[in-house]
Amino acid sequence: MTDAFTTWLLLAGPLWAVFGLWALPRFAGSRKVKDETGLARLQVAGVVGGFALGPVGLGIFYLQPRWITRASLTVGLLLAVFISSQVLVRIEDPNLPSALWLILAGPLWSVIAAYFIPRRYREAEADDQNALTAAALGGFAIGPLIFGLLWQHTPKISRDWIIVLGSLGAWQIYTLFALHNADNLCVAAPYHITYLAQQTANGVVIGCIYSLMAVGLTLIYSVQGIVSFAHGQLYMVGGYFSFYFLLHGSNLLSELTGTEISINPLWGIPVAGIIVFLMGALFERAFLKPMHEGLIERVSEYAILITFGFGFVIEYTTLAIAGPFPQRTDRFIEIRRFTFPRTQITDQFTFGPINIIGDRAFAMVIGILLIFALLYFLQRSWTGRALRATSQDRQAAAVTGINPTNMNTLSFGLGSMLAAMSGAALIPIFAWVPWVGAEMVGRSYVIVVLGGLGSVPGALVGGIIVGIVEALGAGCHPDPSRGAAYKEAFALVIFALVLLLKPTGLFGREQT
Amino acid sequence: MKHSKALFVSIALVALLALAPMGLVSADGHCEFDDYTIKLGGLAPMSAPGAVAGGVAMDWAFKQAAADINADCGVQIDGVNYMLEVITGDSEGSPERGQAVAERLILEDEVDGMVGVYHSAVGLATMGIMEENGIPTIFSEPWNDNVSANGIREFDGAPPRFDDGIDHIFRISPASSMVGSVVTDWLIALGVEDVVLIVENTDYGQPAAADEQARLEAAGVAVSQIDVELGTEDFVPILSRIQASAEPPDAIRIVVTGETSFNLTQQMAELGIAPTPDTICVTNQIAFQHVQYWATVPDGNYCAFNRVGIIPSLFNDTAIELNAAYEMEFGDIVPSFGMASYDAVFMMVDAMERAGSYSDAAAIVEAIEASDILLSQGRYYFTYGAHNESMPADDSMPDFMWHQWPDPIVTVMQYFEQGQSSLDAAVVYPEVYQTHGTAYVVPGTSP
Amino acid sequence: MALFQRFEAAIDAGIGRRRLGYALLALIIVYLLWFPNDTSQSNYAKTVFISGFFYAIMASSWALLAGIAGQFSFGHMAFMGIGAYVAGLVARDGLAFLTAESISSVGAIVIGTVVAGLVGLVIGMLLLRLRAAYLALFTIAFSELFRIVMLTEYDYTGGSNGLSLRPLLQIADVETARQVEYYLMFALLIVCLLAMYWVANSQVGLFLRAMREDEDAASALGVNVVRYKILVFVFTSMIVGLAGAIFYSDIGSERIIPEQLEVLQMSLIIAYAVIGGMESLIGAAAGAFISRYLLEATREVVITYPFGLTTADGSNAFVWEPGAWRYALFGFVMVLTLRFMRNGLLYPFITWFSGRDLVMKETVAKRESDEDHAARQGADDE
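Protein chains in written order, with our numbering: chain P, 1 to 512; chain W, 1 to 447; chain A, 1 to 382.
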């Protein structure tokens, strides 16, 4: 039984994939559909649909070409990855050569391809813009075959391509896990599905929270073209503003009314946001404005240093005032506390096998709402449109009567505000100390670079990806004792890879 | 000239910043003081990357001890009263800085003795300086076994620097092996079968965890270890991993300090992993700071923790006074390293008074070895030193017992009410110190 | 003002500013050479200078990399760490066919330096495509990764207990040992500075500055951008690797710990270089000295009241322990320096002595042609 299933998957999946690659672009839909969807995507759809669902998948895509969207392809790919993993888990005696091939050959071919293919294009004076990314990813995913694919001409490397090759690479890594240790929670049936779902949920929740902070960073970059190195400290100080506002506010109210009143931490978020908005705007006026007026040479380096110094000052001033002892505010919502026996634990939301800590879910909702509010502001209000216009073309914006100087100040203030708000949203969840920003800001850099510097949706997607990678990394690392210690490192590795392979990130503007 | 203005500005700036003359503060008093002021150097991490919170408490304890001694006519040697000053040197938690600062204290400030040290790496690095310069030293917080043991170089290729052993270094904090054994003995006595150790990857966490793991495994307990980096905020992925294992572990032991420990304990409780009737939560000595603990771990009820230092029910008058003063300053209970740092200053002064000199290092060391003094943490004495014929190895004691106070009290305590003061928390182990007559308060009950 | 101008004129007519500058420099060097023999100074003073020399090397090599070559790296401390860690590890565990016993401390230092250079080569090649903010972010990531690995693989690296290197010197007498250590570190600083000056003032330096201002233009004029970018990266990596390996071989400190590689430590190096002057090697080196002195001197600020006044409680001085404020003020000085004296606090002195603007002429010409700099900044950042 198992053998038959495995054989089908080993043979038929790829077979149908090849068939789909050839057939789907040829037969699917009218010419109009083909033009809209594009040849490359039809090919991808053929491969994915064929591999994941065999003739059924191809049939669906043939009948309904409109369903060939990025989302459906991603779902199909995940399905394909899952099916493949099932196959590998079922292979009882994983032989060493295949493991060795996976460990050595993937990176090896990646490096080889990344070295040779762009070189070939340059020699032929062809467009080599995407060659490096495609070659490195492809080498990892399909080994030497990538030479055959890429030798003649570089493809227009679309997001589809990245998703396909990236997923294949992820599949290889997953396979490695299965081969390395079949008892690993992430691959050991039958609980690995719920386990993976739980870890993914953990990642998504914390990822949305991460995004809020990263959005501020990306907003500043899109308008001013600089990366704020004070972002982590603004995040930290936002938490402290909220803390002190709640502390003194509650005391004051209690004194005035004569009854015990404690303000909900929710109120700390706008308060911290407004204060830090002013801080950021003032800093921009005093130190960044001269930069845009041409008073300072080599602006990008000046911007790094000056924001870095700003962060330094904030961090140590806070340490001097607030002291090194950890602080924390009350919860957003006081769900019923722990009672024993264990069945009555109600401090978390439960969706089937997945548990999410209550306050964290709340913070995630706040994060998402704020991001959407920002998007709404950017899309609909005049000021928001002016900001976007400035980010796209400063001079053209200036011609239409937008004052770029004000837009700079506004963007830095808004970006700082978002950092502070995420700080205020997290102080009920994490113990707060003056150096709390350091770890968080490193992650924001990863997120914005991954999503594409300057792209707000990119920051959201990037945040979720980083959250998931960290959760799965810590949850699936083959050595349980080191998984958590390397949690930060997983994101950094992705970061380094993205910077090297595709510095524009997933949603970034192409370099001109 | 275009530049002359800028030149003046920078001259002014440099001159302004260079203005940092030194001086001395004097205190009032009813005693006649000699002109000479006895100086002690206090090493503590006062700025990052060191553990600033620890350093601040230690610095406070030094100053408090000096103030208390001066209020009582200072150091009295042969009928002369000397003022005492403790100069705190900021080690920044770095061995390199620690070495430099120790040298500064010894050579520039010309201190007569050294106290303090928080990080073991600093302790290990600075021992040599004190030894070379012949400065009597009482360490009050580093735990690494090798501090106070003879022969400190861990690098095999190098010749030992001190052929004649470590003469000047004493320690009144426990060695990490002494701490671990109490917790593990307790867990074994409770009959746990599997334990998860969550450990910070630092000079404190790793040796402590290795030691506990060895002890537990020797008793047949299954142990799995999880390393975490200090400063990590979100532990949910790794806790989900523990949760997903088939059987919940019998105990989770947290060998992590600072705010990282608080985050971990709280998230563990929020996820419902521990404390539960199935799983014991054992955290560490910082949970004793109950104000901080409950502020950051509101769900941490029924967590046990190891207490290093004297337990509240045994607080003597000195300890109670010290605690009151600390509470006034920081609004929390005094940590053990605060007490130990306070005691270290008193011990040094006591030894100087008995030696009849503040500068004769050999006499002072001899006097410290012969110490028998009751201070906030109890009675201090040393078993192994030049006053004892046999070395620790002769009595099959571990090497670190040399110049080591053998009696630091290490207990396991447990909270059993939310928001409880650590003064009221139950001492559950060892049995002689039990306050509520139970070895473990089962979650949901009250002793 | 008039007095000062007359003084200037007198100097110009007499010895000449340039020569006066050299004379002063020579005086400083002679003083530093004589310093360890000053019996009134304690060993601690020498220790301060030894670590001052070390940080001076770090700051000035960073100035070469970031200020002159325009490669804004945050990974400088990591390369120092590579030098020190590799030296320590090979001396303990040997390397391939070499056993630990067969590697002397000098050999270990050489291996550490070479490995730092090799890693610098690889990283330098990877960095070619990145500019400004991206480069800074990548080097932060690299540096953090290195630190985390050193911290986590404690079985091998000693974790946060640190790693002891094989001591370079075996001198029993503390007094003499410290003197030798002092001269060794001082010599290293001088050698490194001379080597860096040679690079900066050679044709390579000219190319580097040209690339910093406009990489495309430099490339169009036939400068092999790739080659020189990698070259300067490898060169500075080797310098800091060497400095790290020597400094931690029981010269300045007997063990290296991963905390030394934290971003905070790197930011201090950057602050030193900024305060001293990012585009001047000797300025950055002096900046390290000045900044460390300031940070040390402001640990306790005591201002004695004038005229023997005392306050009610009998104290005769105002005492302030700044604690964390010290770093906050230091950061403030750095920010102000950046904003108002971009070339560092020492720049006016150096300019005055040299009698001309030290920023290279081609740079000035280029900057003056950039009238619409503000409009260009977008392109500059990409």
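In short, the hints are calculated from the structure, not lab data. Ideal Cβ placement from N, Cα and C applies to all residues, glycine included. Accuracy of the hints is not assured; some may be wrong.
What the hints assert, rightly or not - Sample of chain W residues lacking proximity to chain P, with all beta carbon distances greater than 12 Å (derived):
| # | residue |
| --- | --- |
| 1 | ARG241 |
| 2 | GLY258 |
| 3 | PHE330 |
| 4 | ALA363 |
| 5 | ALA393 |
Stated by the list, open to error - Label-pair distances were calculated between CB atoms; the ranges are:
| # | chain 1 | residue 1 | chain 2 | residue 2 | range |
| --- | --- | --- | --- | --- | --- |
| 6 | A | ALA217 | P | PHE372 | 21 to 29 Å |
| 7 | P | THR350 | W | ILE373 | 52 to 60 Å |
| 8 | A | VAL114 | P | ASP479 | 46 to 54 Å |
Quick rundown of the hints versus the structure:
| no. | hint | result |
| --- | --- | --- |
| 1 | ARG241 | violated, 5 Å |
| 2 | GLY258 | violated, 7 Å |
| 3 | PHE330 | violated, 8 Å |
| 4 | ALA363 | holds, 39 Å |
| 5 | ALA393 | holds, 33 Å |
| 6 | A:ALA217 / P:PHE372: 21 to 29 Å | violated, 45 Å |
| 7 | P:THR350 / W:ILE373: 52 to 60 Å | holds, 58 Å |
| 8 | A:VAL114 / P:ASP479: 46 to 54 Å | violated, 31 Å |
The structure is inconsistent with the numbered hints 1, 2, 3, 6, 8, although it conforms to all the rest.
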